[in-house]
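Q: Protein sequences appear in the order of chains G and X. Here this note's numbering = 1-based position in the first sequence + 706. Here this note's numbering = 1-based position in the second sequence + 18.
Hints are not guaranteed to be accurate.
What the hints assert, rightly or not - Pairs of lysine-lysine residues, derived as DSS-like cross-links and limited to a Cα-Cα distance of at most 27 Å, are as follows: (1) G/Lys982 <-> X/Lys309; (2) X/Lys166 <-> X/Lys88; (3) G/Lys1220 <-> G/Lys1266; (4) X/Lys370 <-> X/Lys105; (5) X/Lys260 <-> X/Lys339; (6) X/Lys260 <-> X/Lys334; (7) X/Lys282 <-> G/Lys1054; (8) G/Lys1054 <-> G/Lys735; (9) X/Lys424 <-> G/Lys933; (10) G/Lys735 <-> X/Lys424; (11) G/Lys925 <-> X/Lys370; (12) X/Lys282 <-> X/Lys370; (13) G/Lys933 <-> X/Lys309; (14) X/Lys166 <-> X/Lys85; (15) X/Lys339 <-> G/Lys925; (16) G/Lys1054 <-> G/Lys982; (17) X/Lys309 <-> X/Lys260; (18) G/Lys933 <-> X/Lys260; (19) G/Lys982 <-> G/Lys933; (20) X/Lys105 <-> G/Lys1054; (21) X/Lys187 <-> X/Lys105.
Keep in mind the hints are simulated off the structure, nothing from the lab. Note that the structure is predicted; figures quoted are calculated from it, not measured.
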Amino acid sequence: MSLTQKLGFAKASEHNRLYQEGNGSPVEKTALIVGSGTCAKDLAETLAASGISVLVTGVDGCALAWGSGQPPTEASPRLEIMDGAKIRSVSGSPGRFTVEFADQDRRIRRHVQDILIAEDPVQQVNGPLYGLTEGAGVISFSAFKSMLNPESGNSEAFESLSRVAFLTGALNESLPLIARDVMQAALDLQQSKGVQAYILTGNLKVAGHGLETLSRNAKEAGVIFIKNTERPPEIVQAGDGSITITYTDEVLRRPTVLNPDLTVVDETPLPSPSLKTLGDLLELETGPDGFLQADNIHRLLTLTNRKGIRVVGPARGVLSPVLITSEITHTALSLSWTKDAEEDEKNKARIETGKCVRCLTCVRICPYRAVVLAPRPVIAAAACEGCGICVAECPCEAIAFDTFPSTATPAAVEPESEAGGNRSGASAFIPHVTVFCCSRSAVPARNMARAMNDGFPKGLSFIDVPCAGAVSRLHLLNALSNGADGVLVVGCHPDNCHSGNGTLLARERSDGIKTLLPRLGVAYERLAFKNLAANMGAEFSRILEAFTAHLESLGPNPMKQKDRW
Amino acid sequence: MAQNRVLVVGSGIAGLTAALDLAEAGVFVDVIDQYAFPGGQGIRLSCKATDTCVKCGACGVDDRLGKALKHPNIRLMTGSGIQDVRKSNGFNVRIRQAPGFVDPNRCDNCGICLSACPTERGILQGTSGHHRPFYAVNESACLYVKDKSCTACREACPTGAIDLDAAEKTESIHADAMIVAAGFSIHSPLEKPYGYGVFPNVMTSPEVETVLKRRGRLVRPSDQSEPDRVAFIQCVGSRDAKLNHLWCSGYCCGFALRTAHLLKHHRPQVHTTVFYIDIQTFGRTFETDYKEMQESIRLVRSIPGDIYPSENESLKISYLKPDTGETLQENFDLVVLSVGMIPPAGLEALSKTLELRLTPEGFLGDGNGTKPAGVFPAGAVTGPMTLAEAAAGGARAAWQTLQYLKSP
């Protein structure tokens, strides 16, 4: 088998050579697409049509969508398929990834600007969920669909059928995407084959264009919907393969028996095991459902924790065809952007060579995988999102940041003049609070609270940080030793942190310091970490009020009188 | 070549996403919104996070609005609508912008105008930190605009920020293409037998969102107390053949379950009940979330018939017990109606101006052949959808627009 199967006049390799041999600036963009289904195919053709060279490979090393010798489309001059080669390693940074493929004993290296993962899910037949074994009387929905296809030559198969039961979400939760197909199939069967169709479900999923109408049309055509409200149906498969379903009839309110000639069970789309392997190889966040995108609002639509690597359509979750089309075009569009809108404002971290002892903490901790070994740790500016987590974690203070206060600098100790400058009455104790505010949550929430004119307690000084994960242990201790009566860190909720685990790190550090405080004679409540979202202005005021009120009852920080340590 | 210019109608999540994608591609985008504040319906949504994010997506709207406001290729005009459109090598669009009664440079968000105004909804209040000024005089409700009979807000304003004689603006722009992201309206439950508008403690889902966003806690309108027994009634104005609303609005199950979950988080003693037809899937971890929520939230598969007043402004709900069919009555301190999405007000007029065809349901057709060249629909104006779907729809319209602009 040849290593690369070229269709048309594959120019991608040509451009790659220019990229390699020239001064490093690519003549035109090349994107690597990992996927073997229709999404990968559509994505490849859309990109190629908009002037981007495309290299396609399947997650298992085989690009199936073009496998059956389909003729190349007009987009194909920019389209090259790597057949039978598996991705072995990916190095470099956004705009300059080096991908190494392995095919038996051969290796090939290619340079790409972007990596797009668009692999299809695998379908898990839900037979076992209902205690059913596939056979003559029980088939998967995919098998049923191909049976329904007029070209399959199976039209006689329906003649012997009088009752067909569809199981979708009867014991688990279905999806509108699946419910649409099942309802449409049941309706077709009922109308054109004269078969009585039953749909057994728990919650009928109708949240999609036209689905409510479809369900009504199916009902009117005679399809019987059986919903298990109080208890699930009992499904028994006898030794001869016959199926008995016992359910509670909604109108009669008594157990009713159904003996379908054919039972069709739906399927749950799941990420393939190879997709997980690829995710591990690329050090991508994975969602709780195993798809290659963290379940995090900041990653919508197709972003991952790594710049230059996107997950499109079925690789990031179970999506409707309309959404997949939207994502394909959005991806094509975003690849033409030279940089994203926020880029100019971002500060990038920098490792100072003299101080670095190569402990590799930064390499380990960076959520964006922006620290590369070359061979000493270097921050790839193109990949850095400027969260500051590495700055806070570096044990040698070897990482610098332009605008962010270094850990050695005492935190601002003078309260904001607007708030604390006009203390009324010398006797009243107004606690001075240092508030570290995450720029993605606490800062917008503070703006919102100000817009709503909620009013803050006096004595606050705000320090804005790119991410709560940028606040180090030293920041917290310095703030207290420099005279703050209380220190508050406000960051995003877990799962809503742009830097993945930045907010969890911040909480961990704050909790750690809190256990030390009593030994220093400082009440642990003087330090607190709070979660907040960008649109929670009222909550921001509430948190400040409660914290300040408690500090008032504690009195001044005893460390204030002591010398600095 | 001159810079392309595109007009986006609607500044909700779909319009903002489309505008940002186009702006990044170098197109100049005018975004108009008829409401006084940008961000669409989504900007009013509150965060439902407990100790962890529940992925409702509300913060994403604030985030996108912030980006759009900063983008040099985007110009946002609120209080603005299309007066007429003339086709000539694109579209010549006349836009009428309501007077800017409140000077953003003088307003310090004190809110005194709101308490001074004698008319309901005479002063509108923003819902986002991006809303500057945070208050607006509502042209259609203001008594001064009507007959110059009231100047209460102007007199009360301590910074002199209110100019009730401000003039409207009319502007003509040339757009090479248009994106219609006019969103949706909310079904008014006044007609339904649930006593909305009669009993103070019957609220709609958007009202709950606004209270949660402004105050951080849900309180009863009658006495500002936090309710102990809360009922959510689903599908009010959705999946309703009598109203000819043959659609599921798609977002209400997520709203009700997430809000019920949040109320439990605020006050564990709260009892929440959700009356439903079918619980719709929301979020990637729905299977496990739903199981957990069933432990703490009571789910009743029955749509109540009537609501009656009870002592202390509480409400008696009567419903059929799903397994036995007997009629039950139960008291609640607060009833929340999960109201559905309907085609946006004014869509019919807009569709006539732009020669767009509507679906039988009254939304904007999304398919081919239903739109004239150069006009692309996006978001919930094509039918009910979630925030994530609307954002994707905006992105898709941006792509279609660019393809159209590139075509000879």
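Q: Tell me, which hint numbers fail for this structure?
A: Of the numbered hints given earlier, those the structure breaks are 2, 7, 9, 11, 12, 14, 16, 17, 19, 20, listed in rising order.
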